[in-house]
Amino acid sequence: MAVPSIVCKNMTKREMKSGRALAVLVGGVFFLAVMSLYRMLDLMQGAEPQLSRDWSGERFDQDLSRLRNKIDGLEQLLISNNRMVATLRDSLRIHKQGGVNKSIGSSHVRKESLPGCQLAEQKERSAGVQLLDVYDLLPFDNPDGGAWKQGFQITYQGNEWAEQPLELFLVPHSHNDPGWLKTFDGYYQDQTRHILNNMLLKLGEDSRRKMIWAEISYFSKWWNEIDEQKRMMVKRLVEAGQLEMVTGGWVMADEANSHYFALLDQLMEGHQWLQRHLGLKPSSGWAIDPFGHSPSMTYLLKGAGLRNMVIQRIHYAVKKHFAQKKTLEFLWRQSWDSSHSSDITCHMMPFYSYDVPHTCGPNPAVCCQFDFYRLPGGRTSCPWRIPPQPITEKNVKERAHVLLDQYRQKSRLFRIPVLLVPLGDDFRYVESGEWDAQFNNYQKLFDYFDQHPELHIKARFGTLSDYFSALHRRLSATETSLPTLSGDFFTYADRDDHYWSGYYTSRPFYKRLDRALESTLRATEILFSLTLAEMRRFHGDLVVGFPAREHFQRLVEGRRNLGLFQHHDGITGTGRDPVVVDYGTRLFHAILHLRQVQQSSAHWLLLLDKNQYHHDQSKPFLQTDDVISAQDALPQKTPLVLSDEPRVLIVYNPTEQRRSSVISVVVSSPDARVVDSETAQPMPVQISAVWVEPQQVSSQAFQLSFVAELPPLSLTVYHVTKAPAGSTPRSTYVIHRHGNRPSIASQHFQLSRLEAAEAQTHLSLSNKHLQIWSSPETGLLQKLRLSSGLVRRVQVKFLWYGTTTNRDKSGAYLFLPGQGGAQPYSSEPPLVRVSRGPIFSDITSCFQHVTHTVRLFHLEGHSGKSIEISNMVDIRAETNRELVMRLESDVASSNRFYTDLNGFQMQQRRTLKKLPLQANFYPMSSSSFLQDSLSRLTLLSAQSQAAASLQSGELEVILDRRLQQDDNRGLGQGVTDNKLTGSLYHLLLEDRRAVQEVGGATIDHLSLLAHLESLSLCHPPIIMFAQSDIQLPKLRPFLPLHSSLPCDVHLLNLRTLEAEEETGAPSQEVALLLHRKGFECSSAPEPPPQCTWSAHEEVNLDDLFSPLQFRSIRRSGLTLLRDHDEPTSARQQQPPRLAKLGPMEIAAFRAVLD
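To convert, count from 1 in the sequence shown and add 13; that's my numbering.
Hint data in this document are derived by calculation from the structure and do not stem from the laboratory.
Check each hint, because a few of them may be wrong.
Stated by the list, open to error - Estimated spans, in silico, between C-beta atoms of each pair:
hint : residue 1 : residue 2 : range
1    : Glu444    : Leu925    : 43 to 49 Å
2    : Pro403    : Arg889    : 51 to 57 Å
3    : Gln566    : Lys632    : 38 to 44 Å
4    : Gln630    : Gly833    : 53 to 59 Å
5    : Lys927    : His761    : 58 to 64 Å
6    : Arg820    : Pro591    : 46 to 52 Å
7    : Gly833    : Lys632    : 56 to 62 Å
8    : Asp821    : Gln566    : 42 to 48 Å
9    : Arg550    : Asp1004   : 29 to 35 Å
10   : Gln649    : Gly833    : 37 to 43 Å
What the hints assert, rightly or not - Taking lysine to any residue and the SDA-like style, the derived pairs with C-alpha atoms no more than 20 Å apart in a straight line are:
hint : residue 1 : residue 2
11   : Lys234    : Asp198
12   : Lys457    : Asn408
13   : Lys339    : Leu495
14   : Lys243    : Leu293
15   : Lys248    : Gly292
16   : Lys162    : Arg508
On a predicted model such as this, the values are computed, not experimentally measured, just so you know.
Every residue, glycine too, gets a C-beta built ideally from N, C-alpha and C.
Throw the hints in and build the complete structure from the sequences for me.
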């Protein structure tokens, strides 16, 4: 050990004792680690055969596999030992520094060993099966399995249930899409309300009948229309266990494109509604139609109090493998969680679909005969041409034995003889006759089973709670444990090479609008909650004249419209054109109404004399600086007319971090001055051209940009005036087009052309952090260099994907590219504009189908370390084409890269040659990165889309897709409603230090810098200005926090809850949601950010939000159900209020701000 070498000659006795203590501790750790290695070898030898029996498909290369496992185990132990030593060293250093929340920029802290950094890494790789390893194992072939086409023949002896009878639960359900072929309201009027009306009647006729319901958006709409007598009937059915609410979300959400904020928000909206109106809390999840499944959703469900869940749309080869190993039921664990706290019991449906032909057993031709909705004479028949028969005394024996055979075969795929059999499909049970046909015929079959105990089956109608209660009871009785699994279930394929990776990008305009609403909603929630708290602090109650109730209803509307769009045919872009317009209109109106809440709240908070507040919605005091004119239009900046009189500009920072931001507005003058209203300090400014067309500069409008230092959650006031002519720094422009010199003139800006010699060399921009080089012909990025000296080739290219010439082609769901993959994008040489200024510089390339801009900001601190990339895409003239932006680098990433899951966590991906090209595309909600041992290249995104790394060092995203045909998944149309669509990214190149073998672990996180950059990208400052024709009252900035939250703690939301005593009114309680990000430790931002870092899992809530104070605060579940509130204690109600918040965890608190 090298510990004695650190003892310096001038060390004090105390320091020498500390050094010796550390040496003893490290020596002890080393001894324990060595002993653990030997013990692990023994354990691995003993445990391995069991692992093989459970999960290994074939006994190939056993010795090699055993050796590899041992080496992996030893490596993990050594890693753990190193981390323990590092943790001890950190603890000693922190003790010497005398605190636990030091700035990470402290000179005492080495950047490769941040205090608490090991805390984020201590969450070891979770035990159990990793889905990545399963994908490596599977051949992904598709042999004909017989009756079960994608499976295998199932056999049984007949005596398997003699000792443990088969316990079967038939679960009636009706899957109601809140928009797909019809709009939400269209479906409700035509089908859903009839289903729910009949449900009330038919379940009441027989207490043995049961049903489950998932979509609270529909249920709440129906509830508002029924009378009190019917509401009491609903409550009785719920209390009797005949009707169960499953999942309880506003919708059955998509799990690929949705951001975790929106996933949790729609879940909270549904749970809060259920608590208020029915007094219940869901216990089981039901996700039978989302196109692939994410562990982020399971984390939220578990945090909301759910214990069990059912999933369906999984790759057919994965289903077959799990069925062969009897692992269709498992404990789904987060990859980063080494404990069992995130585990949730998951049931994977084994067959093709959730309809009746694919749920009773492996043979759909037989199962269809037991879908009594398809009785002869009805609207729907069985495609296998063997119709169902009404059950009679004459045929009940034969029919019961045929059905029992299917039940028994399906049961053989599970470890426990408890069987879940759904009974339903899309919009089932609309007509009264279907209820009678299904329930009456099945009851006759169940009665026959009961009369014949020699069949060893107990069958009845049930709910998910009935099923999972029986399952857990049997598991406990037989001392059987379920296997543990970690990972995600993307990308989904339902047959052949039909991979559902197209919907990751379909309708990108609305995916971008979704994130705009999400950001607007979060910002408004926080500002509104702070406003009400300030009013109570000033006046003891809400201010008369402030429309708190109306604003709260606008917030609820925003929550519900955002929630509705998370539906798996909403944000996915897989609805029909009129449905997409309906979704877009809802998103558009929600943004407009939330802006009214922002403007009114900011108005009151900023007034020095609160008595001057007056609300007039027809003429608001503040308005936002851009206007959205329609649901399919991009925001347009409103010009600010300048004069010698100051115009008031308000900038709202909706993030919990102090930030340096470039604020840009459009003004009427080429010269302008910006000053801070409090200090009168002038701000650095830059005037840039507003381009009407690629070669036309506006002579009436100019872009004014300035650098603003924005405290966390603040409203900052600036004054903008017209400045003397020529006094404001202006951008200079170099214009170039290869082979065709452009002609552009402007009286306000210096324009020049590239000389012949310059046109042969790379274009270059730089700031103090990095330098970029771009092609003079295309303006596209070619190379990056950091101030540290790291140089990486990073080339931007555009390409086209076409679609296959086969019968099945790409559509809204499927991506079926043409042979040969992506083809180079070719067009006339683009117009290239190079702009340089004191605040930002950029290079814009104007191609036929895309305007592409790369921008560098000249900012101090970490804010200038990324490159902003923006695209404006228009492929409306194309046919069956998809436009791609690809980054080609010399990062040696091999076949591994990472994409995020819902913005919550990162997931390693492996590009597999055995899979078709379209199978290697994955959803990217907000980030993706490549890395090797020396560097990491991260692409942060402001919208969700498909991403892939088809070759080492490559990363590509699909920008838009236009497809003329349906892909035979029920939509009945192509995707041809394309819009002029923007996309926005930050590109970040980072050094890496002290890392292990590249790609060796399946768990990794974004860097601290990437998290901060993503926060800025997804939650930009909100700009408002005061009307020019009113007398300005005295305003002062609103600064609610003394300092930023810790670097890794994200204020997910501060959501005002509904008053219990008054429907539709805001209460004093807020839902405080905090997310502690996990981040990797191989790099630290230089210079360091201004936020702090804690080495402990506990956070002091009073310190975090000082000077805000909590009158009361208690921890709750993620959806704030009162049953999940922790008991209050005297210690919790008095400062300091400490809360445990480990890396990656989200914590929810019910609080009253004082």
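| field | Pro591 and Arg820 - C-beta distance against the hinted 46 to 52 Å | value | Violated, at about 28 Å.
| Within a Cα-Cα threshold of 20 Å, do Lys248 and Gly292 meet the stated pairing? | With Cα atoms ~9 Å apart, Lys248 and Gly292 stay inside 20 Å; holds.
| query | Under the criterion that the straight-line Cα-Cα distance not exceed 20 Å, is the pair Lys457, Asn408 satisfied? | reply | 11 Å, holds
| Verdict for Glu444, Leu925 (Cβ pair) under range 43 to 49 Å | This hint holds: roughly 47 Å between Cβ atoms.
| said: Given the hint of 56 to 62 Å, is the C-beta distance from Gly833 to Lys632 inside that range or not? | reply: 60 Å, holds
| When you take the CB atoms of Pro403 and Arg889, is the distance between them in 51 to 57 Å? | 54 Å, holds
| Between Gln566 and Lys632, is the Cβ distance one that fits in 38 to 44 Å? | Distance hint for Gln566, Lys632 is violated at roughly 21 Å.
| query | For the pair supplied as a hint, Lys243 and Leu293, is the alpha-carbon distance within the 20 Å limit? | reply | 17 Å, holds
| task | Would you mind confirming whether the straight-line C-alpha gap from Lys339 to Leu495 stays at or under 20 Å? | result | 10 Å, holds
| Is Lys162 within 20 Å of Arg508, Cα to Cα? | 10 Å, holds
| request: Please test the hint of 58 to 64 Å on the beta carbon pair from Lys927 and His761. | output: The hint (58 to 64 Å, Cβ to Cβ) holds, given that Lys927 and His761 are roughly 59 Å apart.
| task | Can you let me know if the beta-carbon spacing of Asp821 and Gln566 is within 42 to 48 Å? | result | 47 Å, holds
Of the numbered hints given earlier, the model fails hints 3, 6, 9; all others are met.
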